[in-house]
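Protein sequence lines correspond, in order, to chains A and B. Mapping to this note's numbering: the first sequence position 36 is 36, numbers consecutive. Mapping to this note's numbering: the second sequence position 180 is 180, numbers consecutive.
Hints listed in this document are in silico derivations from the structure and should not be mistaken for laboratory results. The structure displayed is predicted, hence computed values, not measured ones. Note that CB positions come from ideal geometry on N, CA and C, so glycine has one too. Do not take every clue at face value.
Stated by the list, open to error - Across the chosen pairs, the derived CB separations fall in these ranges:
| hint | chain 1 | residue 1 | chain 2 | residue 2 | range |
| --- | --- | --- | --- | --- | --- |
| 1 | A | R74 | B | D160 | 56 to 64 Å |
| 2 | B | E74 | A | M211 | 56 to 64 Å |
| 3 | A | V14 | B | S270 | 52 to 60 Å |
| 4 | A | V305 | B | T72 | 20 to 28 Å |
| 5 | A | M138 | B | G127 | 37 to 45 Å |
| 6 | A | L214 | B | D68 | 43 to 51 Å |
| 7 | A | G293 | B | T118 | 12 to 20 Å |
| 8 | A | L309 | B | D67 | 20 to 28 Å |
To be verified - Pulled a few chain B residues facing chain A out of the computed Cβ check, cut under 8 Å:
| hint | residue |
| --- | --- |
| 9 | A52 |
| 10 | A56 |
| 11 | E59 |
| 12 | G60 |
| 13 | G85 |
| 14 | A101 |
| 15 | S106 |
| 16 | E242 |
| 17 | Y244 |
| 18 | Q248 |
| 19 | V260 |
| 20 | P262 |
| 21 | L276 |
| 22 | A277 |
| 23 | A280 |
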Amino acid sequence: MAWVTWRQHWTQAVGALGLLVALAVAAVLTRLPIAAAFDHDSISACVPPAARTGCDIIVPHFESQFGGLVTATRVMAVVPALAGLFVGAPLIARELEFGTYRFAWTQGVSRRRWLLSKTALLAVGTVVAAGVASLVVMWWRSPFDTLEGRIGPSGFDIEGIVVPAYALFALALGVLAGLVFRRTVAAMTATLIAFGATRFLVSEFIRPHFMAPLHRVISATTTSAMPGDWVLSNTLVDGGGRQITASREELAVLHAQQAGIDPHTYILTLGWRRIVSYQPAGRFWTFQLLEAGLYAGLAVALVLVALWLVRRTPA
Amino acid sequence: MSSPPLVADGLGKRFRRDWALRDLTLTIPKGAVVGLAGPNAAGKSTLLSLAAGVLAPSEGSISVLGDDPLRTPEILGEVGYVAQGAPLYRSFRVEDTIEYARRTNSRWDREIAVELLTRIDSRAKVGALSAGERARLALALALGKRPRLVLLDEPFASLDPLAARELLQLLMDGVAELGATVVVASHVVADIQRVCDHIVLLTGGCVRLEGGVEELLESHRLLTGPRRPLGSIRGVREVVRERYSGRQLTMLVTTDGPIVDPSWTVDRVSLEELLLAYMAPERLPNVRKMERVALRWHG
Numbered sequence: 001m002a003w004v005t006w007r008q009h010w011t012q013a014v015g016a017l018g019l020l021v022a023l024a025v026a027a028v029l030t031r032l033p034i035a036a037a038f039d040h041d042s043i044s045a046c047v048p049p050a051a052r053t054g055c056d057i058i059v060p061h062f063e064s065q066f067g068g069l070v071t072a073t074r075v076m077a078v079v080p081a082l083a084g085l086f087v088g089a090p091l092i093a094r095e096l097e098f099g100t101y102r103f104a105w106t107q108g109v110s111r112r113r114w115l116l117s118k119t120a121l122l123a124v125g126t127v128v129a130a131g132v133a134s135l136v137v138m139w140w141r142s143p144f145d146t147l148e149g150r151i152g153p154s155g156f157d158i159e160g161i162v163v164p165a166y167a168l169f170a171l172a173l174g175v176l177a178g179l180v181f182r183r184t185v186a187a188m189t190a191t192l193i194a195f196g197a198t199r200f201l202v203s204e205f206i207r208p209h210f211m212a213p214l215h216r217v218i219s220a221t222t223t224s225a226m227p228g229d230w231v232l233s234n235t236l237v238d239g240g241g242r243q244i245t246a247s248r249e250e251l252a253v254l255h256a257q258q259a260g261i262d263p264h265t266y267i268l269t270l271g272w273r274r275i276v277s278y279q280p281a282g283r284f285w286t287f288q289l290l291e292a293g294l295y296a297g298l299a300v301a302l303v304l305v306a307l308w309l310v311r312r313t314p315a
Numbered sequence: 001m002s003s004p005p006l007v008a009d010g011l012g013k014r015f016r017r018d019w020a021l022r023d024l025t026l027t028i029p030k031g032a033v034v035g036l037a038g039p040n041a042a043g044k045s046t047l048l049s050l051a052a053g054v055l056a057p058s059e060g061s062i063s064v065l066g067d068d069p070l071r072t073p074e075i076l077g078e079v080g081y082v083a084q085g086a087p088l089y090r091s092f093r094v095e096d097t098i099e100y101a102r103r104t105n106s107r108w109d110r111e112i113a114v115e116l117l118t119r120i121d122s123r124a125k126v127g128a129l130s131a132g133e134r135a136r137l138a139l140a141l142a143l144g145k146r147p148r149l150v151l152l153d154e155p156f157a158s159l160d161p162l163a164a165r166e167l168l169q170l171l172m173d174g175v176a177e178l179g180a181t182v183v184v185a186s187h188v189v190a191d192i193q194r195v196c197d198h199i200v201l202l203t204g205g206c207v208r209l210e211g212g213v214e215e216l217l218e219s220h221r222l223l224t225g226p227r228r229p230l231g232s233i234r235g236v237r238e239v240v241r242e243r244y245s246g247r248q249l250t251m252l253v254t255t256d257g258p259i260v261d262p263s264w265t266v267d268r269v270s271l272e273e274l275l276l277a278y279m280a281p282e283r284l285p286n287v288r289k290m291e292r293v294a295l296r297w298h299g
C-alpha cells in the first residue's frame with residue numbers, strides 16, 4: 001500500500017514541499033531586518049527580568065515596527081487545516097465521486113486495511129511537514145518570544161508540537177468528512193467548519209483551564225505588565241475583594257477630577273487593587289503537551305470512526 | 001473448496017425506499033459462464049455489487065466462494081470484478097494501474113495481464129484510452145488476479161460490435177485458462193448469447209428465469225397457428241407469451257412433452273427470442289397468471 005499511497009498522493013507531497021520552501025524563504029527574508037534591529041537596539045538587554053533604562057521606549061518601538069509581520073504569522077494558525085482540506089477530504093470522497101472505489105475496494109486489500117494504510121502514511125507525511133513549518137515559525141518568532149512570551153494566544157498555536165497535532169486532527173476530520181459526505185467539496189467545507197469550531201472552542205474555553213491559573217495582586221494603577229505570561233483576566237477590586245464595575249471606576253475618576261485630585265492617587269487611597277489571573281510562561285511545554293495530546297486523541301478517535309464506517313459504505 | 005462460487009439466499013437490497021433486488025435465491029454452479037440478463041434497472045448491477053462486497057445486503061445473505069464478501073474481504077483477491085463503465089484512475093498510466101493491481105493482489109499473474117494488453121501503450125494515461133482499450137485494461141486487471149470468480153458488469157456497453165467480440169474472445173480465452181466461473185451482466189442479449197452456458201434473467205429485482213441454456217432452449221417452443229379458441233394442447237405446460245398478428249397467433253410455451261397437434265407449427269426458439277419474451281416491457285404478468293388467463297380462454 002505504500003506504493004499505492006505514494007502514487008496517488010505524490011502531487012500533494014510536492015505541493016506541501018513547495019509551501020514549506022515558500023514559507024522558509026519568506027521567513028528568512030523577513031527575519032533578516034528583524035535580527036538586525038534586535039541587535040542594533042541591543043534589545044537582548046531588555047529581555048525580562050533584565051531591564052536597562054530606555055527599554056520602555058525601545059521595546060514598544062521594536063514591536064510596533066514589526067507588528068504587521070507578527071500579525072501576518074497568525075496565518076500559520078489555519079495552515080494545518082490544509083492537510084484536512086486537500087489531503088484528508090478527497091481521500092475517500094474522490095474515490096466515491098469518480099466510482100474508483102469499485103476498483104480500489106475490490107482488490108486483495110480489504111477496504112479497512114486500505115484506509116488504515118493510507119491514513120497512517122499520510123499522517124506521517126503530515127506530521128513531518130507541519131513539524132518543519134512549526135520549527136520555521138519558532139525560529140522566526142524567537143526574538144518576539146523572548147520579549148512577550150509564547151504561551152499567550154499570539155504564539156502558542158503556531159509553535160511547538162501543537163502544529164503537527166492540529167494538522168493530524170484536520171487530516172482525520174477530512175477523511176471522515178469525505179466518507180460521510182461523499183463529495184469532495186462538501187467534505188472540504190465540513191472539515192473547515194469543524195476544524196475552525198474546534199480550534200475556537202479549545203483555545204477559548206479549554207486551554208485556559210488546562211491547569212489552575214495563578215493569581216497575583218498588583219497595584220491598581222499599574223498596567224499589568226507581566227511579559228511572558230498569558231494574562232487571562234485582570235480585575236479591579238476594592239478593599240473587601242469585591243469587583244469594581246467599569247461604571248463605578250468611571251465614577252471614581254470623575255469624582256477625583258471634579259475634586260481636583262489626581263485620579264490615580266485617589267484610587268490608591270480607596271485601597272483598590274488589581275487581581276491578575278494568568279498562566280505563567282513556564283507552563284508552555286506542559287500546555288503544548290496537553291493540547292497536542294488532546295488533538296492527537298481526537299484524530300485517533302475520528303480515524304477509528306472512519307474505519308468502522310468504511311465497511312458499511314457506500315450503503 | 002467445493003462450495004459454489006456464488007450463492008444468494010433471500011437476498012434483498014433497498015436504496016432508500018425502493019427495492020433494487022428482492023428475495024433473490026440463486027446458486028451459480030462452479031465453472032459456469034452465466035449470462036446475467038435483464039432490462040435496465042432490473043438489479044443486475046446491484047447483484048454484482050453485492051457479490052463484489054461493494055454494497056451490503058439489506059436482507060438475506062450472499063456468499064462468494066464460500067465466504068461473505070463483506071466479512072471476509074480477503075476473498076475479493078480471488079474475485080475479478082469489473083464495475084460498470086470500468087472505473088479506473090484516469091491520471092494513472094496503464095503501467096501504474098497494472099502495478100497497483102500487482103501490489104494489492106497476492107495472486108497477481110503478470111503474464112495473463114500482459115497478454116491482454118498487447119497493442120496498448122503501457123505509458124499511455126488511462127484517461128486517454130479508447131473505450132475498447134479501457135475495457136481491455138479493466139479485463140486484464142480482473143483476470144490478472146487469477147480469479148476463481150469473474151464478475152463483469154456491462155463490459156460491452158460502450159464498445160462497437162467488433163471490439164465487443166474481441167473482448168469477449170479475450171475473456172473466454174482467459175477464463176478457459178483459469179477455469180474460473182464467470183457472471184456477465186448485459187442488457188444486450190446478443191452480447192452474451194454466444195458464450196454463456198447458463199442464464200439468469202432478472203426483471204424488477206427478481207429472478208424471472210434461470211437455467212442452463214440448452215435445457216431452456218429444449219423446454220421452450222414457439223407455436224404458430226390460426227387464431228381460434230382451442231382446448232389445451234398436448235405437450236404444452238405453460239404459455240409464456242402470446243402475440244396476435246392478423247389472424248395468426250404466435251405463442252411461446254414451455255413444454256412437458258412432444259407437441260404433435262397438426263394445427264400448430266412448432267419451432268425451436270432462439271435464446272434471444274426467449275429472453276426478450278420473458279423480459280418484454282409491456283404487461284409482464286408472471287407465468288402463473290398467464291396460465292390462468294390461458295386456461296379460461298381455452299375454456
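Status of each hint after checking the structure:
no. : hint                        : in the structure
1   : A/R74 - B/D160: 56 to 64 Å  : holds (60 Å)
2   : B/E74 - A/M211: 56 to 64 Å  : violated (49 Å)
3   : A/V14 - B/S270: 52 to 60 Å  : holds (58 Å)
4   : A/V305 - B/T72: 20 to 28 Å  : holds (23 Å)
5   : A/M138 - B/G127: 37 to 45 Å : holds (43 Å)
6   : A/L214 - B/D68: 43 to 51 Å  : violated (60 Å)
7   : A/G293 - B/T118: 12 to 20 Å : violated (56 Å)
8   : A/L309 - B/D67: 20 to 28 Å  : holds (22 Å)
9   : A52                         : holds (5 Å)
10  : A56                         : holds (6 Å)
11  : E59                         : violated (13 Å)
12  : G60                         : violated (15 Å)
13  : G85                         : holds (7 Å)
14  : A101                        : holds (7 Å)
15  : S106                        : holds (6 Å)
16  : E242                        : violated (40 Å)
17  : Y244                        : violated (45 Å)
18  : Q248                        : violated (48 Å)
19  : V260                        : violated (53 Å)
20  : P262                        : violated (56 Å)
21  : L276                        : violated (29 Å)
22  : A277                        : violated (33 Å)
23  : A280                        : violated (31 Å)
Of the numbered hints stated above, those contradicted by the structure are hints 2, 6, 7, 11, 12, 16, 17, 18, 19, 20, 21, 22 and 23, listed in ascending order.
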